[in-house]
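Asker: Spelled out from the first residue to the last, the chains are:
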Amino acid sequence: MVSYIPTAEDFQALDSAREGDRIDRPSLSYWQDVWRRLRSNRRALASLSIVVGLLLFTLMGPLLWRVDPALQDLEQVSQPPSLGRYALVVADNTPAPTVTHTAISSAAVDREQAARNLRLLGTPHSEGVNLAWDPLPGVDAYQLYRHEYPPRDADDLGLPMARLMPQEISYRDLLGLETRQYYYSIVGVYNGKEARAYTTLPVVVEQAILFSEAEYRGLLSGDATPETAVGSSIRLESHPLGTDYLGRDMLARLMWGARTSLFIGICAPLIFVIIGLAYGGLAGYSGGRLDGAMMRFADFVIALPFLLFMILFKIAFGLGPGESGIGPMLLALVLLSWPATARLVRGQVLQIREEAYIAAARMMGATAPYLVLRHILPNVMGVLLVSLTFAIPTAIFTEAFLSFIGMGVVPPTPSWGSMCNDGIRTMLSHPHELMFPALFISVTVLAFNLLGDGLRDAMDARMRSGT
Amino acid sequence: MRSFLSVFAALGLSASPPLLAVTPAVDPVNNEISISLEQEPQWLTTIKATDAESSIVLDHITEGLITRDVDNNLIGGVAERWELTDDKATFWLRKNARWSDGEPVTAHDFVFAWQQVANPQNAAEYAFLMRLFPNGAEIIAGEMPPETLGVEAIDDHTLVAHLVTPTAYFIDLVTFISFRPVREDFYRAQQGRYAADAVNMLSNGPFILTEWVHGASMRMEKNPYYWNRDAIPLDAINAPYITEDPNARFNLFMDDKTAIADNLQISAMKMAMQEHQKLKSFSDGTVYYLGFNYREGRSTANLNLRRAIQSVFDAAEMTYKVIGVPGNLPAYTLFPRWLKGDDGQSLQAQYPPRKPDLSVERGREYLAMAKQELGVEEIPPLTILLSDQPQTAKQAEYFQNVMARNLGLEIRLDKQIFKQRLAKMSAGDYDLVMAGWGPDYNDAMTFADLFTSWNANNRGRYSNPEYDALITEALQITDQRRRNQIFARIQDIIFDDVVIIPQYERGFIYAQDKRIDGVRRYHTGGDLNFNYTFIIDEDGSRGVPD
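Residue numbers (the working numbering), protein chains in the order written: chain A, 151 to 617; chain B, 54 to 599.
Here are the simulated DSSO-like pairs of lysine-lysine, each with C-alpha atoms no more than 27 Å apart in a straight line:
hint : chain 1 : residue 1 : chain 2 : residue 2
1    : A       : 343       : B       : 331
2    : B       : 275       : B       : 567
3    : A       : 343       : B       : 323
4    : B       : 472       : A       : 464
5    : A       : 343       : B       : 567
6    : B       : 477       : B       : 447
7    : A       : 464       : B       : 477
8    : B       : 331       : B       : 567
9    : B       : 333       : A       : 343
10   : B       : 408       : B       : 424
Don't read these hints as lab results, they were simulated from the structure. Computed from a prediction, not measured in an experiment: that's the story for all the values here.
Model the full structure from these sequences, guided by the hints.
Answerer: And the structure:
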């Protein structure tokens with residue numbers, strides 16, 4: 151029986167690179183998988199875009215919206231959102247128009263008689279409303295009122311503006327004039343008592359700006375002189391989100407305020423998470439007595455009251471009045487917040503340390519740094535990132551709270567918290583001053599929280615098999 | 054909006070639970086009204102009281118020798134008539150003045166009370182007032198017994214107060230709470246608990262304090278033994294709420310729980326107008342100003358720096374555009390508009406104050422001179438002390454901006470509570486201060502002596518021999534014409550030397566229930582007085598007390 155003797159040619163070496171069983175889906179790394187999951191979570195994605203938008207608003211905003219957040223536009227105090235109002239340019243230091251007064255025989259004192267001919271002198275504008283009226287016989291004084299609504303009776307004439315001597319039969323109102331309708335009333339005063347009779351004049355106040363102010367703010371063309379510019383109409387700066395109680399632009403203040411809020415919000419968690427990682431990692435990895443001692447110290451730090459330390463640091467820093475408390479705030483946040491992260495990391499490390507693959511790696515001669523870098527750290531990363539995203543809104547909130555109570559930034563530096571504090575005073579009359587900064591705080595905190603939620607879902611290993 | 058408000062009112066309520074039955078703002082049936090107090094009165098004894106709330110209550114439950122009518126004219130209180138000479142004041146007391154236990158009020162009660170004010174054991178803040186009388190200064194210093202005070206009761210109904218120097222305004226001054234009577238036997242019987250509670254008090258005023266729940270509420274009822282009880286229309290005044298928050302007090306008013314809301318903020322004024330409430334204005338006589346620290350080494354000790362600030366600070370702009378509350382008036386002098394001159398008009402009309410000629414260029418010239426004199430390239434940042442009131446912060450931020458914009462000066466804000474601000478001022482730990490000064494008595498001297506080198510309230514340590522000499526002279530004469538000339542000269546010194554920069558004379562807007570009238574307000578003593586307040590009948594006529 152002749153059998154075939156195979157030769158070397160009959161054999162062909164298999165290509166070592168060829169795959170045996172082929173999987174028809176692309177292989178995904180852990181982070182690719184997290185991203186895929188996160189992307190399918192619409193809520194988290196929306197939050198992520200808000201966070202990115204916020205960062206752009208903060209970093210790019212002031213470059214595009216070049217308005218000084220400290221500039222006080224007293225012509226437009228507490229204005230609701232508006233785009234470029236027009237204003238009449240008026241001359242500086244115009245004397246109030248004088249009204250000559252003819253003596254009236256005091257024979258016919260009639261307390262039921264209201265002052266006649268209450269009238270305007272000149273155009274009523276926000277730099278002054280000039281009023282005059284005919285004298286009443288026998289009065290001791292005149293009382294002038296200003297109402298924002300039509301008066302109903304003699305007890306409802308609005309704000310008492312001034313009490314004037316009988317020889318004064320004109321008045322210039324300069325007080326906090328807004329561009330709106332006012333109702334001026336004049337009442338005679340006899341023997342210290344106001345008469346019931348009154349005369350009312352409705353006045354619509356126009357927006358105006360002093361020439362010097364317009365010039366200072368560069369609202370006039372270069373060659374404008376008082377002679378040419380006065381009487382013309384110019385466009386004031388626009389305030390898309392309105393102005394605050396000193397006429398400062400809300401949008402600019404929100405942008406600059408975001409810098410403070412986000413600086414604390416991102417820096418503090420970043421630093422204390424790194425400290426917590428190192429501390430917790432070391433405790434967990436070494437275990438034993440060192441672990442016990444380290445964690446007891448962490449417990450001790452957790453028990454320290456934050457606000458007290460914040461104040462102590464402020465003193466220890468030697469900060470004088472009127473100096474920003476941002477430094478001590480950052481320090482206090484970092485020094486007192488790391489134990490939470492440290493505990494989390496230690497727990498994770500303790501668990502991972504006992505895993506079979508760690509034991510296997512160790513038997514194969516892996517060194518400690520290799521184990522930490524290759525196996526432990528990547529496995530801790532997930533929880534760490536989640537705790538970081540949850541720490542950010544907490545820190546932003548803390549900053550807002552501290553600035554709200556006046557422990558944070560100092561005027562004129564804005565911060566969302568201090569803006570809320572300013573806005574709360576005028577909440578009923580000018581709600582936008584409170585609403586915008588409050589909205590920014592709420593949306594930011596919500597966005598970071600939802601993003602953290604989404605990240606946690608995406609990173610949870612037990613949910614990895616799904617979808 | 055109503056329901057929105059009541060939520061806030063409810064919040065205000067929870068802060069101080071009303072222990073009295075809920076009383077309406079105005080109760081025509083029982084002839085009572087309700088008010089809110091800002092704070093718990095600190096001391097309800099006239100010997101030690103200093104704060105505004107104590108003064109308000111004490112002005113209802115005690116009466117001095119001289120008092121004021123509803124139009125603030127001086128009228129006899131316990132004293133029926135009086136006589137003031139250069140060296141003494143004599144008071145003849147009315148025989149029908151009684152304490153709330155029916156005993157008569159005698160001259161001995163005044164002598165005892167005034168001795169107690171001077172007694173260093175009581176450490177009364179207003180003890181210095183007793184320096185007016187012989188031995189007063191020595192008693193305060195503990196060098197002589199209180200019984201040696203130069204005030205004597207000739208008999209039960211004649212009181213003689215000897216005066217160290219002629220004091221033109223003594224009759225006006227004697228309306229002050231520290232000059233009220235205290236009955237010795239009752240005071241001693243309380244064994245140190247005098248005026249600690251409603252039961253430990255004896256009244257000689259129109260009202261008696263009948264309930265006092267500390268920190269929560271008070272009730273005052275008409276005093277049946279008061280000599281002039283028929284002139285007092287109300288039967289009781291309730292103070293069921295004590296809260297410092299002006300918004301809470303305004304909301305209590307809007308909810309018809311109190312009859313008056315003082316010190317309205319801009320948003321509250323707008324709300325009150327929307328609800329068609331009656332608004333009134335009141336000037337409390339206080340002048341607010343920018344004070345400087347004159348201590349060695351402070352840049353603010355430099356005259357040209359102060360002139361630079363004076364040249365760019367516009368009091369009118371701040372008053373009208375930043376404060377924006379009617380009743381506040383721009384100030385150009387330390388002496389407010391209500392002070393009287395000697396020719397029938399006001400002191401300001403007689404001696405009109407000079408207004409600074411505002412100019413940024415001149416301000417910068419002064420600043421350049423100041424830098425040269427101080428030998429610095431840049432003026433170091435200046436710290437401005439201010440109170441923790443939100444309105445003050447707004448004014449300070451405005452000032453900060455004006456200085457940065459016109460002079461390039463960096464101003465740092467130092468907000469402090471009142472006591473801390475005073476401590477820092479005394480220690481000289483500031484450059485500028487937003488300060489205010491309210492009158493203690495009805496005379497320009499209450500303002501003028503503020504910057505004498507010996508005045509403890511001259512916390513910036515301004516010192517000017519001419520100023521001191523002028524005040525020393527004015528203190529020793531009663532000739533009103535010469536005194537006013539001196540005050541006019543003081544006014545000039547303050548302007549030329551920029552001792553202070555006046556900012557505004559404070560005014561308030563307050564809302565008053567339309568059903569009441571006769572609320573007395575005055576710029577010294579216990580402001581907000583309801584002794585003559587009455588409830589208007591529904592037909593619009595004046596309610597008649599029964």
